[in-house]
Amino acid sequence: MHKDNQPLIFELTKEGRVGYNLEALDVPSYDLADLVPATYIREEQAELPEVSELDIMRHYTALSRRNHGVDSGFYPLGSCTMKYNPKINETVARYAGFSHVHPLQDEATVQGAMELLYDLQTSLTEITGMDEVTLQPAAGAHGEWTALMMIRAFHEANGEGHRNKVIVPDTAHGTNPASATVAGFETVTVQSDENGLVDIEDLRKVVGEDTAALMLTNPNTLGLFEENIIEMTELIHSVGGKVYYDGANLNAVMSKARPGDMGFDCVHLNLHKTFTGPHGGGGPGSGPVGVKADLIPFLPKPVLVKQEDGSFHFDYNRPQSIGRVKPYYGNFGINVRAYTYIRTMGPDGLKAVTEYAVLNANYMMRRLEPYFELPFNRHCKHEFVLSGRIQKKLGVRTLDMAKRLLDFGYHPPTTYFPLNVEEALMIEPTETESKETLDAFCDIMIQIAKEAEETPEVVQDAPHTTVVSRLDETRAARTPVLRYQG
Amino acid sequence: MIKHRYLPMTEQDQKEMLDVVGVSSIDELFEDIPEQVRFKGMYDIKPAKSEAALMKELAQLAAKNKDTASYTSFLGAGVYNHYKPVIVDHVISRSEFYTAYTPYQPEISQGELQAIFEFQTMIAELTGMELANSSLYDGGTALAEAGMLAAGHTRRKKIIVSEAVHPEYRDVVKTYADGQSIEVVTAPQKDGVTDYEALQQLMDSDTAAVMVQYPNFFGQIEDIQPIGELAHEHKALFVVSANPLALGILTPPGKLGADICVGDAQPFGIAESFGGPHCGYFAVTKKLMRKVPGRLVGETVDGEGRRGYVLTLQAREQHIRRDKATSNICSNQALLALAASVAMTALGKQGMREMALQNIAKTRYAKEAFEQAGFEVVYQGAHFNEIVVNTKQDVTAMNKALLEKGIIGGFDLARVDERFVNHVLLAVTELRTKEEIDALVAEMGALHA
Chain A
5 MHKDNQPLIF ELTKEGRVGY NLEALDVPSY DLADLVPATY IREEQAELPE VSELDIMRHY
65 TALSRRNHGV DSGFYPLGSC TMKYNPKINE TVARYAGFSH VHPLQDEATV QGAMELLYDL
125 QTSLTEITGM DEVTLQPAAG AHGEWTALMM IRAFHEANGE GHRNKVIVPD TAHGTNPASA
185 TVAGFETVTV QSDENGLVDI EDLRKVVGED TAALMLTNPN TLGLFEENII EMTELIHSVG
245 GKVYYDGANL NAVMSKARPG DMGFDCVHLN LHKTFTGPHG GGGPGSGPVG VKADLIPFLP
305 KPVLVKQEDG SFHFDYNRPQ SIGRVKPYYG NFGINVRAYT YIRTMGPDGL KAVTEYAVLN
365 ANYMMRRLEP YFELPFNRHC KHEFVLSGRI QKKLGVRTLD MAKRLLDFGY HPPTTYFPLN
425 VEEALMIEPT ETESKETLDA FCDIMIQIAK EAEETPEVVQ DAPHTTVVSR LDETRAARTP
485 VLRYQG
Chain B
59 MIKHRYLPMT EQDQKEMLDV VGVSSIDELF EDIPEQVRFK GMYDIKPAKS EAALMKELAQ
119 LAAKNKDTAS YTSFLGAGVY NHYKPVIVDH VISRSEFYTA YTPYQPEISQ GELQAIFEFQ
179 TMIAELTGME LANSSLYDGG TALAEAGMLA AGHTRRKKII VSEAVHPEYR DVVKTYADGQ
239 SIEVVTAPQK DGVTDYEALQ QLMDSDTAAV MVQYPNFFGQ IEDIQPIGEL AHEHKALFVV
299 SANPLALGIL TPPGKLGADI CVGDAQPFGI AESFGGPHCG YFAVTKKLMR KVPGRLVGET
359 VDGEGRRGYV LTLQAREQHI RRDKATSNIC SNQALLALAA SVAMTALGKQ GMREMALQNI
419 AKTRYAKEAF EQAGFEVVYQ GAHFNEIVVN TKQDVTAMNK ALLEKGIIGG FDLARVDERF
479 VNHVLLAVTE LRTKEEIDAL VAEMGALHA
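These protein sequences, in sequence, are chains A and B.
Under our numbering, the residue at position 68 of the first sequence is numbered 72, and the numbers go up by one with no gaps.
Under our numbering, the residue at position 22 of the second sequence is numbered 80, and the numbers go up by one with no gaps.
Hints are computed from structural coordinates only; laboratory data are not their basis.
Glycine is no exception: its CB is placed at the ideal position from the N, C-alpha and C atoms.
Misleading hints may appear alongside valid ones.
[What the hints assert, rightly or not] FRET-style restraints, in silico, Cβ to Cβ: (1) 188(B) - 160(A): 39 to 47 Å; (2) 118(B) - 206(A): 49 to 57 Å; (3) 504(B) - 29(A): 25 to 33 Å; (4) 212(A) - 118(B): 51 to 59 Å; (5) 59(B) - 27(A): 53 to 61 Å; (6) 476(B) - 95(A): 37 to 45 Å; (7) 504(B) - 45(A): 31 to 39 Å; (8) 318(A) - 480(B): 38 to 46 Å; (9) 114(B) - 27(A): 30 to 38 Å.
Extracted from the complex, chain A is given alone in its bound form (with noise of 0.2 Å):
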């Protein structure tokens, strides 16, 4: 890869050359300031690239050669559940009659869209062992907004809206807590014990009459099962509180455990992760939101709903709802791709998703304990934590075994979080990657490892095969330069 910059598009524009193709106007044409008031007619045109055709797909391919995708190779990404984007999902999604269907049009000519989703959140109601599901929410987050919205919106309809307090564990996903304060609620952290596990007596003692709900990943971010999420979610209904999944995680027990059989209250899911979505460069996503039957009546607006008929609906006569948290019906694009890969699944397919997921991260896990530290010494679940105090104490640091993994073609580990682990290294392979690529990843770490020890500064200075070494991020926050100049 040659390491040459490459122009910005607005230094490839010439005056003259267009790249677009217009039918020309075929209505009488009219003097602007006829139509439109002075004020409002624009004096300078926006500065706007002048390239050809054939310049933009340059321009574009160039760029695609300077990204990583899970196209281009492994991409173990803890948390972000980087598996095969299936290239049906992409095929199916632009059927002209998904991606050209108007949201406002009537709902006898778009029943096709209505039966896909409807069929979507039914398959997502089982997945989940909860009560209803709504498509909605356009990404993770906006999912933990939405449940937690419902949850704020229950104990104010029970007379309880002085219950504000949501507890996470201290290992929660940092979305947790500042979906909590756009929701309007105070975030108390619970601690982690020994075993990485929420700590009980910690959260026993944080419980009380405020607690609007405690927000849990299981498994957890590092990877465990929280074990005692029997305990945890009694203890959190017999003070009057919800119980919220974050199913960033799914991936890790599907058809092993469900949400709502451990006693969650309401989960979202990223139907980008589990479900294969893509990421698409950091979204669309799409997470929807499952919840159990008592919180049915605020789930927002429109719920879709199959009617006796046989036909399908947007109901909007829902008066106890938080209300709508997007315009139309969330990220449908989307949702077709999630569909297509459920169906293309099927219950056995997606047990064994789990079970090869599983299986791959504990043998990396394996495979890599005796070089690294492993600070969690038991079964994983979809993903595992490694610490990098070894290497460390040899003058490397995690950024550094993560920045020469890019040498090798990598994208590298989550690095430094969960923040309760020093020099955190989260790996989580997935189950679409072969034992050889896995192998392969591991002998790399591997190689590292030996790297640190014997010729640190190789490591230290990494990557050094990339189209620009490590970037100046504190001259990027401290002169920001958002926007190109001329």
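Model the placement of chain B on the given structure of chain A, informed by the hints.
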């Protein structure tokens, strides 16, 4: 053992891996799940289907929908049927883009980061704002985030939203505001534009923001500059939700006093897709830079002085700030922002203006055609994309009849306000031909007769 094209595990692999792990079966790895909550059956969902059979089934399901590729659509209300340069889909189908995660490792994500930096630049240019973020879910949630930013920035608890803002956007603002115990007050519309006098009465020292839409929900280019001045007199922020295509010919909100400009980039190469995913944008003045929700990409250099791009100003964000973050958002609509960038690039400086001009000219032509046919076009101000026509008949029934003529009619305004019975909101984009517009006018006339 199941054989599946996405699952490379073989029996031999499984055996070797179990040996390394030191267990005799996969089930042993799940023994930490308490017996009472273990799921022992199989999901009661449809069985797996082969690739070919599933494609056929889903193609048939898709065919049950009337799509805007085969019908002539006059439906808008926030989502539009526009020219989508074919190149857009070819770019976003490059899997280096669509199979990547958020660009946390900048050395191997320069493509995505640079593309977002270019997107931020184009949005800032179009809106006339000093900077834009990397995108948000959609226009509605972007407007809600603007409200949250304004309330936090001003430490005030009231947001005033014009009734001429998209009703679904207003609903979303309300839901977000509920979470923060912020009051949302609607400033009524009069003659299809924000009622300035009524708005004046609503302004007070607790007003965090005034929100308007440009062009507004009824397609009117309303006189928003005095509204911005009024907001600033009361030290409230002026928030403008703008159709970015219209900004090809309209004075950008940044020149009209907007503190925050949001909207949806769907008109740029993004399919209607039954309402999503689309692409919210969020642009602000420099003063608000450190309060922007979502991802921001900034330019910097590497150790050898080469130009490069990184996610920046992350101290605002949830993974650092947790409960003190400016927003809980942790993604953007990267792939759609890419689509919009490609479309904006294809249109370019000249095409953006030409396409916007075509839209306003065709909207004007439709207005005159309806008036000549004896219909009342109820608002007489300047229009972009949309007009409101009194059809003198039930709109839902009329749309059913139009469908048989191959036409998807406009939005029945009675769905949002019963005062609008018999009124339709019709959208005319550059894709509608003179013949199609004439045919719509003729069919609606015939139906009424």
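Looking back at the numbered hints, which does the structure fail to meet, lowest number first?
Number 8 only.
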